[in-house]
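Just so you know, the protein sequences line up as chains A and L, in that order.
Residue numbering for the first sequence follows UniProt numbering, beginning at 1 and increasing consecutively.
Residue numbering for the second sequence follows UniProt numbering, beginning at 1 and increasing consecutively.
Check the hints yourself; a few may be wrong.
Covered by chain A, according to a simulated footprint, are these stretches of chain L (three or more residues, beta-carbon under 8 Å) [said to hold, decoys possible]: (1) 2-12; (2) 72-84.
Listed below are several chain A residues computed to face chain L (Cβ distance under 8 Å; list not exhaustive) [said to hold, decoys possible]: (3) Gly27; (4) Met30; (5) Ala32; (6) Asp41; (7) Ala44; (8) Gly45; (9) Ala48; (10) Ala89; (11) Val90; (12) Leu96; (13) His136; (14) Leu137.
Pair by pair, the computed Cβ-Cβ distance ranges are [as the list claims (entries may be wrong)]: (15) A:Asp79 to L:Val60: 25 to 35 Å; (16) L:Arg76 to A:Ala56: 23 to 33 Å; (17) A:Ala129 to L:Arg76: 24 to 34 Å.
Calculated from the structure, these hints are not laboratory results.
The structure displayed is predicted, hence computed values, not measured ones.
All C-beta atoms, glycine included, are put in the ideal place defined by N, C-alpha and C.
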Amino acid sequence: MPIEWIYGAAGGLLIGCAAAMFLLVNGRIMGASGILGDLVDGTAGRAAGEKLAFIAGLVAVPAVLAGPLGRDVTHATGDLAVLILAGLAVGIGTRLANGCTSGHGVCGIPRLAPRGVAATLIYIAAGGATVLVTRHLLGIG
Amino acid sequence: MARLVFAALSGGLFGFGLLLSGMTDTRRVIGWLDLFGGWDPTLAFVMGGAMIPVAMAWAVARRRRVAFLGSPLPARPEQRITPSLAAGSALFGIGWGLAGFCPGPAMASISFGGVAGLVFLLAMVAGMFITGPMRARLAPLSS
């Protein structure tokens, strides 16, 4: 079994523990797009402090650990047009769908939430189709 | 104060998990979506690993009225699969496949993602910002 799969499962367990803590201690769903999006469009209300604190932790811990763990590369494309298009699609899409990989996937599926399951199937299918078109039909990336 | 501390701890643990699992590496994410290339199954291990503690947490949550710090637990999830959920998820998937970033890793990698990470994050924030007003105009989609 490749070591990266084990890191994947171990990292996944940490992600799950983070979501479990946020749910049971703070009473909130750990959805990255909702946490950021509610701050961006001003709908966070009284939860704004908690959401900001969450993001502070989310940014600070990788800032410290990425170098030592040798994980400080994203291998992202340098094509600014693609990045802007992709960012807009992710921003608008996750707001319309009210969730992303963490909210609908990590938190929604174990709850057997029909919307979480549906959203996850749709975004994985759309992502797969996009990679098929860009990488194999158009030969980009 | 406790709420802020635990929120920051959750965010930090989430960031550590994303980093360790390799989800801040867009190549790995695109590799998972690339069924017709050298398919990379890592993301399935990440998702599987993440769902175990969350399933246990929901089992605990079902037996409680409030969270440990006293606030109400999330209400029963909405059941309807709306056009907005489907269209939004499809749009999100397209962006995810184009760049290999979803919102969590986009924030987690900001310290080392360079210009590319920053451009993606700013475009994502702009997208989130315009969705509210856009939604009001496209009333049928928002149902």
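Each hint tested on the structure:
1. With 10 residues carrying a beta carbon less than 8 Å from a beta carbon of chain A, the segment 2-12 of chain L meets the three-residue requirement, and the given coverage holds.
2. By the rule of at least three residues with a Cβ nearer than 8 Å to a Cβ of chain A, the coverage given for the segment 72-84 of chain L holds, with 9 such residues.
3. A cut of 8 Å between beta carbons decides the hint on A:Gly27: the least distance to chain L is about 3 Å, and the hint holds.
4. About 6 Å separates the beta-carbon of A:Met30 from the nearest beta-carbon of chain L, less than 8 Å, and the hint is met.
5. Here the hint on A:Ala32 is kept, as its CB sits about 4 Å from the closest CB of chain L, short of 8 Å.
6. With 8 Å as the threshold, the beta carbon of A:Asp41 comes within range of chain L, its nearest partner Cβ sitting at about 5 Å, so the hint holds.
7. Contact between A:Ala44 and chain L, as hinted, is not supported at the beta carbon level, the nearest pair being about 12 Å apart and thus beyond 8 Å.
8. Hint status for A:Gly45 relative to chain L: violated, with the closest Cβ pair at about 13 Å, above 8 Å.
9. The restraint placing A:Ala48 at the interface with chain L is violated, with a minimum CB-CB distance near 11 Å, outside the 8 Å limit.
10. Among the interface hints, the one on A:Ala89 holds; its C-beta lies about 3 Å from the nearest C-beta in chain L, closer than the 8 Å criterion.
11. Hint status for A:Val90 relative to chain L: holds, with the closest Cβ pair at about 4 Å, below 8 Å.
12. Given the 8 Å rule on beta carbons, the hint for A:Leu96 holds: about 3 Å separates it from the nearest Cβ of chain L.
13. For A:His136, the interface hint holds, the least distance from its beta-carbon to any beta-carbon of chain L being 6 Å, beneath 8 Å.
14. Interface hint status for A:Leu137: violated, as the beta-carbon distance to the closest one in chain L is roughly 10 Å, over 8 Å.
15. For the pair A:Asp79 and L:Val60, the beta carbons lie near 45 Å from each other, so the given range of 25 to 35 Å is not met.
16. With their beta carbons about 31 Å apart, L:Arg76 and A:Ala56 fall inside the hinted range of 23 to 33 Å.
17. A:Ala129 and L:Arg76 have their C-beta atoms about 32 Å apart, which keeps the hinted 24 to 34 Å range intact.
In this structure, the hints that do not hold are numbers 7, 8, 9, 14 and 15, in rising order.
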